[in-house]
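Each chain is listed here by its residues.
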Amino acid sequence: MKTQLGTYDLQNRLTGRFEPAGLFEGIDESNLRSYEQDWKIAFETRLPGDATTAERLAANAQDARWDWRRLAEIRGNPLLYQMYAIECAARTQGIMLVKKGGSFSRHPDHPKADLIYVDRLATAPWNRRGFVGEPIYRGVGQVLLSAAVNLAYEEDLDGRIGLHSLSGADAFYRDVIGMTDFGPDDENYGMRYFEMSSAQARVFLEPKEGDGA
Amino acid sequence: MADKKTMTLNLSEPEMAALETLCERKGMSKTTLLRQALRLYQSMDERLERGEKVFFEDPRSKEKAELMVL
Amino acid sequence: MKMRFTNEWLRRRIERDADLDSDAGLPITKIDVLKAFLPEPPAVRAPVAAVAPQVRQSAAVLGHLVRQLRRRDRLELARLSAEVRVPEQELREIEDGTVTALRPRTLHQLATFFKIPAQALVALSPAAVRRDPELDRAAVRFATDSDDISKLSADERKSLNDFVKFLSDYGERGPDGKR
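Protein chains in written order, with our numbering: chain Y, 1462 to 1674; chain D, 2 to 71; chain E, 302 to 480.
In isolation and in its complexed conformation, chain Y is listed as follows:
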């Protein structure tokens, strides 16, 4: 089931203007189509010169196992996973897959506390610095991540989230979002593991000076 959570503005870097984007909980055929057509075409026509090791690895058969395991879990546990999407200009600009149970905090503030695990956060290739010289929409990650923290509050998990960052995004999670960096995780292809603690979540959602009500 797909429901709209709200409308949020993304910034079009080329024009400098903000454009309204729909944030959705759940996906449908249109998102699938956008992913298969728009995203794939972009991936195929532009082989990233500075693609990260992890991404090159992802093309390996070995890493397809990640997806097959997820798939089995998703099908077998309808309660466990949730998908989100952002749409703007009639295209899917970003998607996020979160796991709502069975993930536990490593943070010293609340070790072993349940949290929302962001399994995937994927921005459309045309929005990524690592892919195109002039990425288009800015803010996809911010909106999706805010939605993840929101979900963590909704689920009574006090805003706690965890994720493994695709390298190239480490600075975003550490500096922009303000999450704790736990360093490279051997069990996850060396990707860095980040967490937002309950305290950090409170700070994250706090309106800053100059923000609207």
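These are computed hints drawn from the structure, not numbers from a lab.
The model shown is predicted, which means the values in this text are computed figures rather than measured ones.
Accuracy of the hints is not assured; some may be wrong.
[Claimed, not checked] To spell it out: a stretch of chain Y is covered by chain E in this simulated footprint if at least three of its residues, at any positions, have a beta carbon under 8 angstroms from a beta carbon of chain E; those stretches are:
id, region
1, 1471-1484
2, 1528-1535
3, 1544-1554
4, 1559-1569
5, 1617-1626
6, 1639-1646
The beta carbon of each residue, even a glycine, is placed where N, CA and C say it ideally should be.
Following the hints, position chains D and E against chain Y.
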């Protein structure tokens, strides 16, 4: 989110005590804890249905202990 | 879901914060991961249309019985296939209720393995010549107690046990329908 349904749960005193202790330790309401427990249980059950086994592993000794299977 | 942030708050963040890539987790390589979140299309099954409703119902009940027994014994389809030496595909079709003519050997193998009188399974099978109303009633009662998604619940277990007992007693009857 989808409509919620209400349920009454009957627990023995020790079971209730265990639930309350867990809730306090984890800082969660009873509903949240049980919801998380359900997700975990479903996850485990799904793997068992597929013929997998669920183990705990001691990270230091690498010893594996099979989770009790009812 | 209550949203705890506003558009204005987000805009400020986007304007103020450094412009950096933000992907997390490995890229999705299998489109099926997304497809798993799409609403299920209505089940499309090879139409058993030309078949009489009673036969279709028997096939469904038999399929349901086999599936519940298999779940009770915590067997994967592959394992059951190996145990009874019946091809997996055939077992799948039986469980799906799309088999209208059960092979005598298959019927016998299943009866032996699950310890149900073969006679009872014969009476239940779609090819049975005479319909027994009592069996039909028990079968319908059994077939409606089920939830495919969950592990065999206490209710399902009871329902299955009751039906198996019924079938066992049924098998004790002579050809004239009396014990």
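Right, here's what the structure says about each hint:
1. 1471-1484: holds (count 4)
2. 1528-1535: Satisfied; 5 residues make the cut.
3. 1544-1554: Violated: only 1 residues of the region 1544-1554 of chain Y have a Cβ under 8 angstroms from chain E.
4. 1559-1569: violated (count 0)
5. 1617-1626: Coverage by chain E holds for the region 1617-1626 of chain Y (3 residues, Cβ < 8 angstroms).
6. 1639-1646: Three-residue rule not met by the region 1639-1646 of chain Y, so violated; n is 0.
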